Amino acid sequence: MKSQTAIDQQTVIKRKMRSELWKRIDRNKLLYLMILPGLIYFLIFKYAPMWGLVIAFQDYQPYLGVMGSEWVGLEHFRTLFSDPWFWTIFKNTLLLFLFNLLFFFPIPIILALMLNEVRLQFFKRTVQTMVYIPHFMSWVIIVSISFVMLTKDGGIINDLIAMLGFEKINFLLSSEWFRPMYILQVIWREAGWGTIIYLAAIAAVDPQLYEAARMDGAGRFRQIWHITLPAIRSVIVILLILKIGDILELGFEHVYLLLNPMNRDVAEIFDTFVYTTGLQQGNYSYSAAVGFFKSIIGLILVVLANRLAKKFGEEGVY
Amino acid sequence: MNKRVLAIVAAFSLALTSVSSGCGREEAALQKEGGKAPFTFRMMVNQQSPVTPDPWIEELLEERTNTDIRIQWVPDGSYNEKLFTAMTTDTLPEAVFMKNQATYELLKDAIRGGQFWEIGPYLDEYEHLRNLNPEVLQNTSVDGKIYGLYQERPLSRQGIIYRKDWADNLGLSAPTTTDDLYQMLKQFTINDPDQNGVHDTFGLSDRNDLVYGAFKTVSSYFGTPNNWGEIDGRLLPEFMHPSYIDTMEFFRKLHREGFINQDFPVTSKKEQMKRFVSGKAGVYIGAMGDVAFLYDDAVKTNPDVELDVQNRIKGPTGDLGIWAIPGYGTVILFPKSSVTTEAELKKILAFFDQLMAPEHANLLQYGMEGIHFHRVEGKANPVEDRALLNREVRPYTGMLVGGPETTDMLEAHYTLDVKVKAEEWIKDNHNFIIHDPTAPLDSDTDAEHGVRLREIITDATYQYILGEIDQVGFDKAVERWKKEGGNKIIAEYNEAYQQSK
Numbered sequence: 001m002k003s004q005t006a007i008d009q010q011t012v013i014k015r016k017m018r019s020e021l022w023k024r025i026d027r028n029k030l031l032y033l034m035i036l037p038g039l040i041y042f043l044i045f046k047y048a049p050m051w052g053l054v055i056a057f058q059d060y061q062p063y064l065g066v067m068g069s070e071w072v073g074l075e076h077f078r079t080l081f082s083d084p085w086f087w088t089i090f091k092n093t094l095l096l097f098l099f100n101l102l103f104f105f106p107i108p109i110i111l112a113l114m115l116n117e118v119r120l121q122f123f124k125r126t127v128q129t130m131v132y133i134p135h136f137m138s139w140v141i142i143v144s145i146s147f148v149m150l151t152k153d154g155g156i157i158n159d160l161i162a163m164l165g166f167e168k169i170n171f172l173l174s175s176e177w178f179r180p181m182y183i184l185q186v187i188w189r190e191a192g193w194g195t196i197i198y199l200a201a202i203a204a205v206d207p208q209l210y211e212a213a214r215m216d217g218a219g220r221f222r223q224i225w226h227i228t229l230p231a232i233r234s235v236i237v238i239l240l241i242l243k244i245g246d247i248l249e250l251g252f253e254h255v256y257l258l259l260n261p262m263n264r265d266v267a268e269i270f271d272t273f274v275y276t277t278g279l280q281q282g283n284y285s286y287s288a289a290v291g292f293f294k295s296i297i298g299l300i301l302v303v304l305a306n307r308l309a310k311k312f313g314e315e316g317v318y
Numbered sequence: 001m002n003k004r005v006l007a008i009v010a011a012f013s014l015a016l017t018s019v020s021s022g023c024g025r026e027e028a029a030l031q032k033e034g035g036k037a038p039f040t041f042r043m044m045v046n047q048q049s050p051v052t053p054d055p056w057i058e059e060l061l062e063e064r065t066n067t068d069i070r071i072q073w074v075p076d077g078s079y080n081e082k083l084f085t086a087m088t089t090d091t092l093p094e095a096v097f098m099k100n101q102a103t104y105e106l107l108k109d110a111i112r113g114g115q116f117w118e119i120g121p122y123l124d125e126y127e128h129l130r131n132l133n134p135e136v137l138q139n140t141s142v143d144g145k146i147y148g149l150y151q152e153r154p155l156s157r158q159g160i161i162y163r164k165d166w167a168d169n170l171g172l173s174a175p176t177t178t179d180d181l182y183q184m185l186k187q188f189t190i191n192d193p194d195q196n197g198v199h200d201t202f203g204l205s206d207r208n209d210l211v212y213g214a215f216k217t218v219s220s221y222f223g224t225p226n227n228w229g230e231i232d233g234r235l236l237p238e239f240m241h242p243s244y245i246d247t248m249e250f251f252r253k254l255h256r257e258g259f260i261n262q263d264f265p266v267t268s269k270k271e272q273m274k275r276f277v278s279g280k281a282g283v284y285i286g287a288m289g290d291v292a293f294l295y296d297d298a299v300k301t302n303p304d305v306e307l308d309v310q311n312r313i314k315g316p317t318g319d320l321g322i323w324a325i326p327g328y329g330t331v332i333l334f335p336k337s338s339v340t341t342e343a344e345l346k347k348i349l350a351f352f353d354q355l356m357a358p359e360h361a362n363l364l365q366y367g368m369e370g371i372h373f374h375r376v377e378g379k380a381n382p383v384e385d386r387a388l389l390n391r392e393v394r395p396y397t398g399m400l401v402g403g404p405e406t407t408d409m410l411e412a413h414y415t416l417d418v419k420v421k422a423e424e425w426i427k428d429n430h431n432f433i434i435h436d437p438t439a440p441l442d443s444d445t446d447a448e449h450g451v452r453l454r455e456i457i458t459d460a461t462y463q464y465i466l467g468e469i470d471q472v473g474f475d476k477a478v479e480r481w482k483k484e485g486g487n488k489i490i491a492e493y494n495e496a497y498q499q500s501k
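Protein sequences, first through last, are from chains Y and S.
Going by the UniProt record's numbering, the first residue of the first sequence is number 1, and it counts up by one from there.
Going by the UniProt record's numbering, the first residue of the second sequence is number 1, and it counts up by one from there.
FYI, nobody ran anything at the bench for these hints, they're computed from the structure.
Since the structure is predicted, the reported quantities are computational estimates derived from the model, not experimental observations.
Errors might be hidden in some of the hints.
[As the list claims (entries may be wrong)] Calculated cross-link-like contacts (lysine-lysine; reagent style DSS-like; alpha-carbon spacing at most 25 Å):
| no. | chain 1 | residue 1 | chain 2 | residue 2 |
| --- | --- | --- | --- | --- |
| 1 | Y | K152 | S | K269 |
| 2 | Y | K46 | S | K269 |
| 3 | S | K483 | Y | K152 |
| 4 | S | K186 | S | K108 |
| 5 | S | K270 | Y | K152 |
| 6 | Y | K152 | S | K253 |
| 7 | S | K336 | S | K186 |
| 8 | S | K186 | S | K270 |
| 9 | S | K82 | Y | K168 |
| 10 | S | K270 | Y | K168 |
| 11 | Y | K46 | Y | K243 |
| 12 | S | K186 | Y | K152 |
| 13 | Y | K168 | S | K186 |
| 14 | Y | K168 | S | K253 |
| 15 | S | K501 | S | K476 |
| 16 | S | K274 | Y | K168 |
| 17 | Y | K152 | S | K274 |
| 18 | Y | K168 | S | K269 |
| 19 | Y | K91 | S | K483 |
| 20 | S | K476 | Y | K91 |
| 21 | S | K274 | S | K108 |
| 22 | S | K270 | S | K314 |
[Said to hold, decoys possible] A few chain S residues facing chain Y, derived, Cβ under 10 Å:
| no. | residue |
| --- | --- |
| 23 | M87 |
| 24 | T89 |
| 25 | N261 |
| 26 | T267 |
| 27 | Y295 |
| 28 | P326 |
[Said to hold, decoys possible] According to the in silico footprint, chain Y covers these stretches of chain S (three or more CB under 8 Å from chain Y):
| no. | stretch |
| --- | --- |
| 29 | 109-116 |
| 30 | 442-455 |
| 31 | 463-472 |
All C-beta atoms in this analysis are idealised placements derived from N, C-alpha and C, irrespective of residue type, glycine included.
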């Protein structure tokens, strides 16, 4: 008898909670309505396609479909880890990402700080526009322009080097020059675009702080160091975490365009590997497995970075 | 509020009218031809021209063959994607075009899985289809069975295009041996062939393609087999033949001495052509038919330019040879999921049979006489209006079955002498062609890992030519190729080869 009442009580509580929930939803129904398109977007374009991941565990054949293909368990992952190229690709991917973080990530911040100090509005706007225009050019164009400038067969830069009496440099066909070339092109294309968000953050800083600092005799650099940078610190951290989440999104197109037989040992990354072994040969399952592995690394890194950020008293992304 | 309702109503009624007009068309098609309703079927074709095809020729064909064809045009770039989507969702049309060999390769598994009709046994029943070349059909076969109709491609268009005016300036005659070729490239580089007093020219303009660029063609001159060849009765890949090493050595020398563009491994076809037409380089090795538009471009900047074509280059062995493709481009397959009965298959085959009739083949290839082409000396001479041809004719050229060798269609007429000569050389190539012995054979390992394994060799070849590795390094790459699956490929091809003998 006693237990019966306990159960009854429980159901009552549950029902209460449910009606409570409904009440809350009902109260905020407009807010929920507003969030709906976003939710639907994520469900349709981000969550539903995840169903496709199952092909990473299958021997997927397009004519058999997902339902009819044979299950192979972790075989594709085993193939990947036993591939003699695996560690090279892993290393290349991580190194490119590290270079990205070290050399590219600070540039937009520095650029934004510099632009912020420009007093002449017209000049500032013009420079700002000019540095973010490359963002709207495709990688094909950026890489082609670099090619035309760097080629040994009549490229401006090599002609200049030759004119100054030096040996022409093999920029395009060497392992040593691949990474610098990659990073410089990333900076060229993305640095200006990256400044926008920092400039917005800087604009939100309370001008009184600067006034007070000036009163105390702080110079420009002191102001930057003690006011601007701390003020945008959380933005920097959030962008850093997001960037780490994109770790393995090094830009397939970009790397693929730069990739050639002479620099493959440093330029082959997961994305290009997926393309040549998977898509070009119709091994969809294998490419899905490689892509899946890549996302897992990305996820782990984001979680770690987020923890680290929280440890330092920042908010993090979740 | 009222306005919004109105807008919605308007949108709906628009959608409705488009639907009903679609129905109308169908009814009209049914009513056409009076009693006998036309045979309806769908096909999926890759759209090669950038503009939407004008259905002019399609309607004419439908009328002549009493069919109602529904063509699903798919842009060339996303064709494979669309194809696989259709396959997965079981919505393949009755006739599916494999846009090229590579796409066709991808479907071999599905073919083995019994997804498509085997059509080999039916071909003899048809007036025109029986003329398809058995050798080429054999090259399209899967496990010895024939599943598709094919569109012809010339077996080999490869050869040398060079600056005749430069050769004349330097007193060089057309090269007939690989040594002559080397001399020509050297003289074009060091001896100021354009006589402008400046050292600004080089010999060979090449690109990032070991197959359709210069390398494979020159390797044929050196006597290298086409992809695979026999050594002591065993099939081995071309790069295990000594003549492949000789070819690499030839290019290495060209590269070291500066007779070839230094960055050729990353040079695009466009850039390669530009170097040739702008008078920087004097030799272009590739498809000889390209001479027509190379000339058109070159003459714009230099009216005195003279081009010539040449082939029949003898290597150190003194033998002639030129590599060939398997002779087909597009392959047409018939899925069992949409073509459900044999009777239906026969009807569809009958339609494609009619496409091979000379009048229809001409229609697909050249368009209507008097509108799209004129006859000159019994040959078809297309009109100048390229936009018109792109819109009305070119999309349908992709539907052609067979080609000049297998149908009685008109030959093309060329106004440029050197183009005529190039076409003659292309025909001449047939006399000493080197076939790929593995074209009709299958190797599972090759199908699955071939592209990636091939990359090892391609990379090593470039590294050798650029002097980064030597013979030892190249042998190492070959060993790696063998270890990572090459040995299996060799075994599989040899087994299939012995069986086919």
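Verification of the hints:
| no. | hint | result |
| --- | --- | --- |
| 1 | Y:K152 - S:K269 | holds, 17 Å |
| 2 | Y:K46 - S:K269 | violated, 39 Å |
| 3 | S:K483 - Y:K152 | violated, 36 Å |
| 4 | S:K186 - S:K108 | violated, 46 Å |
| 5 | S:K270 - Y:K152 | holds, 17 Å |
| 6 | Y:K152 - S:K253 | holds, 17 Å |
| 7 | S:K336 - S:K186 | violated, 58 Å |
| 8 | S:K186 - S:K270 | holds, 24 Å |
| 9 | S:K82 - Y:K168 | violated, 46 Å |
| 10 | S:K270 - Y:K168 | holds, 24 Å |
| 11 | Y:K46 - Y:K243 | holds, 19 Å |
| 12 | S:K186 - Y:K152 | holds, 19 Å |
| 13 | Y:K168 - S:K186 | holds, 21 Å |
| 14 | Y:K168 - S:K253 | holds, 19 Å |
| 15 | S:K501 - S:K476 | violated, 33 Å |
| 16 | S:K274 - Y:K168 | holds, 22 Å |
| 17 | Y:K152 - S:K274 | holds, 16 Å |
| 18 | Y:K168 - S:K269 | holds, 24 Å |
| 19 | Y:K91 - S:K483 | holds, 23 Å |
| 20 | S:K476 - Y:K91 | holds, 23 Å |
| 21 | S:K274 - S:K108 | violated, 38 Å |
| 22 | S:K270 - S:K314 | violated, 29 Å |
| 23 | M87 | holds, 5 Å |
| 24 | T89 | holds, 8 Å |
| 25 | N261 | holds, 5 Å |
| 26 | T267 | holds, 8 Å |
| 27 | Y295 | violated, 23 Å |
| 28 | P326 | violated, 19 Å |
| 29 | 109-116 | holds (count 4) |
| 30 | 442-455 | holds (count 7) |
| 31 | 463-472 | holds (count 3) |
Going through the hint list in order, the structure does not satisfy hints 2, 3, 4, 7, 9, 15, 21, 22, 27 and 28.
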